[in-house]
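Colleague: Chain by chain, the residues run as shown.
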Amino acid sequence: MKNLNLLLIDDELELVTTLVERLEIRGIQAEAASNGRDALERVRQGHFDVVVADLKMPIMSGIEVMQTLREEFPDIKVVLITGHGSSDDSSQQMVERADGLLLKPFSIDSLIEKVNEVVHLGDMPHE
Amino acid sequence: MNGAESNGIPNGEMTTSTPGLQRESTRYRKLWRYSVLLTSIVALMPLIVMMGVNNLQYRRTTQSEMRYDLSRMVSDTKRSLEFVIRERVSALQLVISDNNTSDLRDDEALARVLKHLKASFGGFVDLGLIDDDGLQRHYVGPYNLKGTNYSEEVWFHEVMLRGVNVSNVFLGHRHFPHFVISVKRELESGQFVILRGTIDMEMLTYQIAIRNRQGADDAFVVDHDGILQTQSQSHGDLLDPCSLPVPPFSPEIEVIDQPHNGGHLLVGYSYIEQSPFILMAVRTYDDHFTDWLRAHSDLIGFFVGSVILIIIVVFWSSSFLVRQIRASDERRAKMLHNIEYTNKMATIGRLAASVAHEINNPLAIINEKAGLLKDLAEHAEDHPYRDKSIASVDSIIQSVERCSAVTHRLLGFTRRMEPGHEMIDLRILLQEVVGFLGKEAAHRNIEIQYHFPDDLPTVECDRGWLQQIFLNLVNNAFGAVERGGQIALSVERQNHAYVAVRVRDSGSGISEENLQHIFEPFFSTKGQFGTGLGLSITYGLVQKLGGEIKVESREGEGSTFVVLIPIKAVATME
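Residue numbers (numbering that gives the first Met the number 0), protein chains in the order written: chain A, 0 to 126; chain B, 0 to 573.
Check before you lean on any hint, since a few could be wrong.
In silico lysine-lysine, DSS-like type, Cα no more than 27 Å apart, as pairs [as the list claims (entries may be wrong)]:
1. A:K55 - B:K543
2. B:K333 - B:K29
3. A:K113 - B:K368
4. B:K343 - B:K333
5. B:K368 - A:K55
6. B:K373 - A:K113
Negatives, chain A to chain B, calculated, CB over 10 Å [what the hints assert, rightly or not]:
7. L18
8. E20
9. I27
10. Q28
11. D37
12. G45
13. H46
14. D48
15. E63
16. P73
17. I75
18. M93
19. G99
20. E112
21. K113
22. H119
In short, the hints are calculated from the structure, not lab data.
Where is the CB? At the ideal position from N, CA and C, for every residue including glycine.
Turn these sequences into a full structure, and let the hints steer you where they fit.
Modeller: Now the structure itself:
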């Protein structure tokens, strides 16, 4: 876990920066981005294991970020966070293709737990 | 969604309101009355008109028949009367012109003449010969009238003037009704002699009687002054004024309508030539309606039968029609209500979701900021208010959790995840659900009854959703019943497409007013103990499964929630 590198994306920058700070307190490396375009830029330059993205953002939605990541960096796990119970029907199936989903507000512990879960998902043999 | 009708579940509880219903029934009663009135008029009018026309025709026919009979009777009788009078006038004229006056001035000869007249013509009572001074010189007959002076009598002057006179009827010396025929002969000497014969009125009365077998109710003779010359049955006695007016002169036979004593009389009359007599024949015709009824009993029977039949059919068809209209109105109202309700729920759902969403973002920030504060405080071990800060932050985080519990439930109400498709035996599922609450049931001594049929189809559905739906309903039922109460769960196949699950409790029931809002979010009767979201979430889930949820409840008698679940999973709906 300690070796993981997280990227958190939300247009509510206040939220992600605070999360990054709290994760760092817990010794987890994390970075914050306020929109999808910046985030993808960051991913292309650095190395990330897990991207946590808000579903509904200006410029690029969480879904679009996820789709781009899936094409360019299939190894990166994606966790979507949302304040909404769902998005519209067309993106419903896409949401289900994310590695994890968290409803806002969530505790830091549940985020860490979810990240751990998705990271180890790939390790498990498929049934 | 499926209409309530198609599933056979009444949901009147949601639509009823008493004053509205009363107004409605008045409207339908009015409609019924209009329908009855209109169809009755349309159906009965031709029949009534037909009967009226028939009656009118009958009246016309009988009247014209009556007129004809009357006029024929009058005509016949007139001819007879005129003949009787003319015959006697002629006989007297023959007697006076054929004999020498001197011959007649002999009582014996006169008696012989009277005898011959009696034998040949009849009706003659006596004969007298009167000189132009008015003195009756000779007389033969039953009375002693020889020497009577008639010079002051009207008839005497009349016969002097005209040569012939037929008198009115009078009783005279003889005290029985008779009239007198007088004829004059001018002698060569320039003097006059008058032969005067008295005729028994019986001659005329008999003629009237034999000719009036059926033509008239009453036939009689009056003179020009309206004095009855023969006995009338109903218009006066002999020589009294007749109760009918004297008809106007006409040379023809006339039949007139004569109002009399509030009724109508048909009066046929004719003036009798060479006499002061008017023959009148009277017939009442006010009972022709009874005659008509008698003559057309079969037609009237048919009419009455038809009227009764028509009225029965009109009543029945109007009731049927109005019932149909009412049923269709109610169906439409129910449908509109359902649509409205669904729209309302969808709007509330969208509103709730967007509010929840807007709140969740700032809540997340509060949560993280508070979390950060806590992290910092935990690391700053020498901070003087460390413990107090941590406690405060914990309290903030707990409040955030409470808020998010509400927003997450709200979002659950409009949750759009795809339901899973599993074949589920509802009997097992319901027992599992009750199992979650088994301890509470035992603790509160609540009896749970199951009414499960043996042959029940499995439903293709999402297990989690069904569990949530029935957990909510059973939980509500637990909330509704007192200690020692009863909860009954029953499952049955509703029709080919649905299975109905009923959750009945013996609780206090739900008021009609509350029933209308029971599925709306934040509507709770539990005060501070309920969020008012349970039933709205249940409603949303059932809708998304393509099913229906209804509630039947009466205050004091408990409530029954009915959930219809499609046997085959349907495509998720908006």
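Colleague: Mind verifying the non-interface call on A:I75? Its CB should be farther than 10 Å from each CB in chain B.
Modeller: 23 Å, holds
Colleague: Looking at A:I27 again, its CB stays over 10 Å from all of chain B?
Modeller: 12 Å, holds
Colleague: Per the stated criterion, does the least C-beta distance between A:E63 and chain B lie above 10 Å, as a non-interface residue requires?
Modeller: 19 Å, holds
Colleague: Is the hinted pair B:K343 and B:K333 satisfied, with a Cα-Cα distance of at most 27 Å?
Modeller: With Cα atoms ~15 Å apart, B:K343 and B:K333 stay inside 27 Å; holds.
Colleague: Should the label of A:M93 as a non-interface residue stand, given a Cβ cut-off of 10 Å to chain B?
Modeller: Given a closest Cβ separation of 13 Å, the condition holds.
Colleague: Please confirm whether A:E20 is truly not at the interface, meaning its C-beta sits more than 10 Å away from all C-beta atoms of chain B.
Modeller: 6 Å, violated
Colleague: Report holds if the minimum CB distance from A:K113 to chain B is greater than 10 Å, and violated otherwise.
Modeller: Label holds. Min Cβ-Cβ 14 Å, cutoff 10 Å.
Colleague: Verify this label for me: A:G99 is non-interface relative to chain B, using a Cβ-Cβ cutoff of 10 Å.
Modeller: Check passes; 15 Å lies beyond 10 Å.
Colleague: When you look at the beta carbon of A:P73, is every beta carbon of chain B farther off than 10 Å?
Modeller: Label holds. Min Cβ-Cβ 25 Å, cutoff 10 Å.
Colleague: Assess, step by step, whether the Cα of B:K368 is no farther than 27 Å from the Cα of A:K55, and give holds or violated.
Modeller: At roughly 21 Å apart (the allowed maximum being 27 Å), A:K55 and B:K368 satisfy the hint.
Colleague: Measure nothing beyond the straight line between the CA atoms of B:K333 and B:K29; if it is 27 Å or shorter, mark the hint as holding.
Modeller: 23 Å, holds
Colleague: Does the alpha-carbon distance linking A:K55 and B:K543 stay inside the 27 Å limit?
Modeller: 24 Å, holds
When each numbered hint is compared with the structure, violations occur for hints 7 and 8.
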